[in-house]
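J.: Protein chains in written order, with the numbering used here: chain G, 1 to 164; chain B, 1 to 299.
No wet-lab data here; the hints were simulated from the structure. Careful: at least some of the hints might be erroneous.
With the Cβ distance kept under 7 Å, some of the chain B side facing chain G (calculated, not the full set) [unchecked claim]:
1) Thr25
2) Asp29
3) Leu35
4) Ala37
5) Leu57
6) Arg158
Glycine included, every Cβ here is placed at the ideal spot set by N, Cα and C.
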Amino acid sequence: MILLLALTFAVVCGEALAAGFLPANATGWHTWQVDEPNSLTAMCCSNSRRGDGSEAGCNLDSRNISFSDGGSCAATPGPLQVYVRLEDGRVKDIRMLSANCVVATDSKIADQGLVSVGENIGWFRSVVEDRSLAQSVREEALFALASSGSDSAYAYLDGLLSRR
Amino acid sequence: MKTFIKLILITGALLLATASAAQDTPQDDSEALKLAAMEALISAPPERALPLVNKVLAGNNSIELKERALFILSQIDDEGAQQTLLELAKNPGGELQAEAIRMIGVGGNEASLASLKGIYESGDGEARDAVLEAFLIAGDKQAILDIAVSSEGDDFERAVDMLGAMGASAELRELLSRTGPSEALIEAYAISGDIEELRRMALDDSNPEIQAQAIEAMGIVGGEDANATLVQIYRDATSEEIREAALDGMLISNNDAGVLELYRSSDDPAMKRELLEYLVMMGSDDVWNIIDSALAGDQ
Numbered sequence: 001m002i003l004l005l006a007l008t009f010a011v012v013c014g015e016a017l018a019a020g021f022l023p024a025n026a027t028g029w030h031t032w033q034v035d036e037p038n039s040l041t042a043m044c045c046s047n048s049r050r051g052d053g054s055e056a057g058c059n060l061d062s063r064n065i066s067f068s069d070g071g072s073c074a075a076t077p078g079p080l081q082v083y084v085r086l087e088d089g090r091v092k093d094i095r096m097l098s099a100n101c102v103v104a105t106d107s108k109i110a111d112q113g114l115v116s117v118g119e120n121i122g123w124f125r126s127v128v129e130d131r132s133l134a135q136s137v138r139e140e141a142l143f144a145l146a147s148s149g150s151d152s153a154y155a156y157l158d159g160l161l162s163r164r
Numbered sequence: 001m002k003t004f005i006k007l008i009l010i011t012g013a014l015l016l017a018t019a020s021a022a023q024d025t026p027q028d029d030s031e032a033l034k035l036a037a038m039e040a041l042i043s044a045p046p047e048r049a050l051p052l053v054n055k056v057l058a059g060n061n062s063i064e065l066k067e068r069a070l071f072i073l074s075q076i077d078d079e080g081a082q083q084t085l086l087e088l089a090k091n092p093g094g095e096l097q098a099e100a101i102r103m104i105g106v107g108g109n110e111a112s113l114a115s116l117k118g119i120y121e122s123g124d125g126e127a128r129d130a131v132l133e134a135f136l137i138a139g140d141k142q143a144i145l146d147i148a149v150s151s152e153g154d155d156f157e158r159a160v161d162m163l164g165a166m167g168a169s170a171e172l173r174e175l176l177s178r179t180g181p182s183e184a185l186i187e188a189y190a191i192s193g194d195i196e197e198l199r200r201m202a203l204d205d206s207n208p209e210i211q212a213q214a215i216e217a218m219g220i221v222g223g224e225d226a227n228a229t230l231v232q233i234y235r236d237a238t239s240e241e242i243r244e245a246a247l248d249g250m251l252i253s254n255n256d257a258g259v260l261e262l263y264r265s266s267d268d269p270a271m272k273r274e275l276l277e278y279l280v281m282m283g284s285d286d287v288w289n290i291i292d293s294a295l296a297g298d299q
């Protein structure tokens with residue numbers, strides 16, 4: 001019983017800690033940069049409908065986005081910049097781009113500044129575990145974890161794949 | 001009254017059962033997450049992904065999860081990953097053998113692809129089919145040609161079908177020169193769209209059976225060129241079999257204009273009747289014009 005309470009407490013605290021850098025019930029686009037200066041990405045995007053390259057900017061609201069870390073879509077390598085679209089605190093979209101990828105949206109992007117690797121991984125873990133979210137969003141979170149260089153992300157994926 | 005209550009209870013139970021079946025159970029969610037996590041490993045560095053993939057393959061996991069693990073393995077440019085794929089591909093009757101073989105095709109590693117020839121020779125029907133699919137996926141026409149040359153019966157036909165599906169005209173022509181004509185080859189020519197080779201066979205009367213098959217196969221390719229040739233073959237035919245093959249070819253390509261042209265230029269009542277029957281089978285609107293003209297005494 002004590003073990004169960006302890007586990008519950010750990011899970012609840014873990015999720016609260018993970019989501020702590022985002023305002024409660026937030027809505028709209030939010031962004032943060034992962035505080036991992038040695039891990040760089042050139043990921044950016046183009047609008048396939050208009051054929052825009054990364055120089056022209058990446059419209060986060062577009063439904064016709066192609067992501068790439070090579071070719072004309074690529075940005076200059078930079079730290080990972082996470083963009084998430086929330087509706088009343090619920091995650092609707094996730095984009096992971098280079099901090100050097102120029103982005104635009106129809107609305108304001110709320111910048112949460114630097115977020116530690118642990119907090120970032122914790123947030124993505126909480127998204128994966130939230131069964132109320134769309135499967136596509138949870139899958140995006142899994143891709144974020146798999147592409148991170150973090151030991152804790154791989155330990156989590158290992159545990160997930162070993163579940164009975 | 002008791003029956004009514006029973007009915008309500010049964011209906012309620014059925015509704016509850018249906019509702020619970022429609023919900024995503026934790027087990028379903030766990031498996032869906034595992035599948036998604038495995039797919040996500042495509043974005044992981046190989047040294048990170050490989051241990052997790054190997055662990056899933058060695059564990060007591062669903063076949064679907066293991067098959068996705070094989071796909072990830074196929075995308076990892078690492079000798080160890082290729083070795084694991086090959087071991088599974090060589091495991092006769094193993095639950096993952098066929099998928100491992102196909103994934104070697106997806107990965108396209110040349111050394112692994114070369115090993116598939118030995119697996120084909122010693123494998124059962126499922127393994128041999130998987131090897132052909134792997135070569136199809138890898139676009140390795142020469143490997144399938146090599147298999148076709150040394151096969152017979154169903155194995156030969158499957159290999160030839162693959163070459164047809166790949167549009168491997170040059171390989172099919174080489175095969176013809178080495179094995180001689182056959183129905184399987186003619187079908188493959190049709191699927192690959194090799195109208196030149198089919199026309200050559202359709203005009204060669206040294207083997208009437210092969211000639212008739214080639215004529216019909218021209219109908220599968222269709223197009224202006226094939227249609228004009230079929231009309232000419234019909235006109236020049238010296239046997240009923242060849243004439244009928246030309247008509248069947250026109251039926252397959254739905255060339256009602258060609259059949260109508262032949263109908264109008266024919267003076268033979270038996271031929272006109274047969275041509276009219278084909279136009280009816282083809283659902284040609286011209287049939288009504290012909291009937292109108294016949295009633296008016298024009299034709």
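J.: Each hint: holds or not?
T.: Now for the hints, and whether the structure bears them out:
no., hint, verdict
1, Thr25, "violated (11 Å)"
2, Asp29, "holds (6 Å)"
3, Leu35, "violated (9 Å)"
4, Ala37, "holds (5 Å)"
5, Leu57, "violated (11 Å)"
6, Arg158, "violated (36 Å)"
Going through the hint list in order, the structure does not satisfy hints 1, 3, 5 and 6.
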